[in-house]
Every structure is written in C-alpha cells, then in structure tokens.
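Please construct the entire structure, taking both the sequences and the accompanying hints into account.
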Amino acid sequence: MSQKVKYIITALVLIGVLLGAIGCPISLPQSLTPPQTTPAQDSTPSDHTNANWAFPSGTGSAASLPNFPPVIARVVPSVVSVNTEQVASDFWGHQYIQRAAGSGMIIDDKGYIVTNNHVVQNAQNIKIKMHDGSTFPAEIVGTDALTDLAVLKINATNPPYIPWGDSSQLALGNWVIAIGNALGEGISVCEGIVSRIDVSISIEGTILRGLIQTTAAINPGNSGGPLVNMAGEVIGITSAKIATVRVEGMGYAISSNGAKPIIEDLIHQGYVTRPCLGVELYPYSIDAFVMSEYNLSVNKGALITRVFPQSPADKAGLAEGDVIIRFGNEEISNISDLVQAIHSCQIGQEVEITFVRGEDTKTTIATLEKTPSSWG
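Residues in the sequence shown are numbered from 8 upward in steps of one, following this note's numbering.
Since the hints were derived computationally from the structure, they do not count as laboratory data.
Quick caveat: nothing in here was measured; it's all calculated off a predicted structure.
Take these hints with a grain of salt, some might be off.
To be verified - Label-pair restraints from in silico Cβ distances:
# : residue 1 : residue 2 : range
1 : P379      : D115      : 24 to 32 Å
2 : I79       : H350      : 32 to 40 Å
3 : Q128      : F62       : 55 to 63 Å
4 : M237      : V206      : 17 to 25 Å
5 : Q347      : E192      : 34 to 42 Å
6 : Q347      : Q105      : 28 to 36 Å
7 : P77       : P379      : 29 to 37 Å
8 : S351      : A326      : 21 to 29 Å
No residue lacks a Cβ here, since even glycine has one placed at the ideal position from N, Cα and C.
Here you go:
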C-alpha cells in the first residue's frame, strides 16, 4: 500500500471518530423493503357500523346574552341597605353596640320593605339607606322565623318599588340577577342562572323549603335582597348560601310565590296564620339518652315535651312524653316531618294522629286551630 493511500485511510478514520465524538453518528442506508404490519385481530365489520355516519348538525347560532343594564336600571332604585344595631355583651359582660348590614326591597308606594328575619332579629335600631343616599328609620311590622322573612316600614313619600313576579314560571337555566348590599359595601348586582327549583336546606336547625338555587353570587349582606327575572320582577328573596372550600355557586332564595302569603299575613296582622297542634317538641333526634330519660320504646318520631292547655293536642288527649309517628297520611320520623305535615293542612281540618306512649301505640283525632299568640 502506498504512502498516499495510508494517509487517505487515516484521514477517513479520524473524520469518523470526530463525528461520533460530537454526537453526529453516520447513518447507514436503510432497506427499501416496507415494514411488516401485524394484521388486525378482527377486521370483520360490526353489525352496528355505518360508513355514512356523520355528526348531527347543530341547531344554529348560539343565543345572545340578555340585555342586563335596562333591567338593573329599573330595579336598583327600589333595593335598600338595611343597617341594624343591637346591644351585645363580651366575655366579661361588658355591653357594646353590634352593627350589621343586610338588604331589602321596597314592595309598594306605602313604604313596606321585605327582608330576611335573620337580618333584623334582635335589632334595637334599624336604618334604611335608599339608592339616592337618603336614610330613614324603620319599624318592624312583623317577622317569621320559620320562613326567615320580615316586613319593615318607612315613612317615605312615593318611594320607588319593585313589582312582584311569579316564581312558578321559572325553569332551569333562566337568567336571574341578585341585587343587594354585598359585604355592607353598597348595592351591587350579580347575574346567574336558575340551577335548581324547590330545594330544602337546613340553616342552624331551621329547614327552609321551596327555595330557588342560583349561580348568582350571594355574599354576606345580600340577605333580604331581591332575585329578579329579566322582566325586572322579584322571583325570590336571597337568603342563604353554602360556603365551604369545595363548593362554588350554590346560593339560595326564598321563592316569591312561597313568600307572598307570609308577607301578606305579616302586613295584615303582624304574624303568620298557620294551623297549629299546640305542642312543643324535642328539637333533636331521639337518641339512647332521650329514650332512657323519657322511657321511650321508639327511636324515631316527634317527641312532645309540652302540651298547651285547651290546644288541639290537649283536647285530643296527647301528653308530654308521647311520640308522634304518623300524622294523617304522613310517616313522621323527626320534628321536621311533623312541622311540614301540620303546615300542609288547613285550619279546622281533622287529622288522625298515631303516637307511641310507653310500649303502646295509640291513635287519636285532632282538629287543628289557628295559632294564638299565647302559644308562642
């Protein structure tokens, strides 16, 4: 081999080493034979295949969003801030003034205002701030803790008021607007949709029924404000929300149809007319301790702890320690069942009641009466 050939071979080797060292491997020519594929395990068409299938066509362009500003402009002047003061005591018994804020709505030109009972409960002083900044002292016309409703009154001349709507016309997905004094920072608005209808939730031991669930943001201070439809009518009174780390968009409003007869009773007479049995009930579930204390043979039902003299219960022979397990056609498992069953009846209605006394199961007939103030 000549010296020149040796140099050429040495140069080629060095070039190959250098290319490999810098990460540029030399690729060898690939075979031109196409790769072999594994045939499908089962290439037989199914009976449900359709070579001509295509996605169904849509229904057209999406609907545009509703026009919120005109609705808000009509409603906001009738929404008010409800500011309360009450005397509270600290750990050492020192008294101080506790202030709170909520919302309300003017419902007629006489100055009647609807809000929540929990907004004004135990308040010694109530001030109403109008949309135009004017303020008025308010008097409580009547309250109803069972439905969390209250009616106030101010002496204002021809105040703007909000029209009442029909909540039975609501459907899932309807647009609604919540308006109120959120966080006590003044009247604000928030839109959402109706996400559930006829909902029941428990708030501090009181069960609120027939509620509207909405995605509209409801925050502290919104309580008592209106939930309105796109006609600017009240279809709910914002009342509560579920607030936990994992929950979003679950606010609740008392339906306008459910609130209407309560508001009328409060304005007409200052309290709500309901059929009444005339008993006080144990407010919790019947546990082993209660069964032992009252010598009970059942662990469910509504336990009577007091019977008012001359009440329907007294006339029907019911007594302290009896456990009502059936009221009319309704099975009674707890106090809530009994309260709901009573309120679904009419004043003057006769109802068959099944109850347990000791080891014995008995029945009686009670004629429900209008609740007198002496029964509380």
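Right, here's what the structure says about each hint:
One distance hint, 24 to 32 Å for the beta-carbon pair P379 and D115, holds here, with the actual separation near 29 Å. As the Cβ distance of I79 to H350 is approximately 36 Å, the hint placing it in 32 to 40 Å holds. As the Cβ distance of Q128 to F62 is approximately 57 Å, the hint placing it in 55 to 63 Å holds. Between M237 and V206 the beta carbon distance is about 21 Å. The supplied range of 17 to 25 Å therefore holds.
A C-beta distance of roughly 37 Å is found between Q347 and E192, which places it inside the suggested range of 34 to 42 Å. Checked against the hint of 28 to 36 Å, the C-beta distance between Q347 and Q105 comes to roughly 33 Å, which is consistent with it. A beta carbon spacing of about 48 Å between P77 and P379 contradicts the range 29 to 37 Å that was offered as a hint. The given range of 21 to 29 Å is respected by S351 and A326, whose C-beta atoms sit roughly 24 Å from each other.
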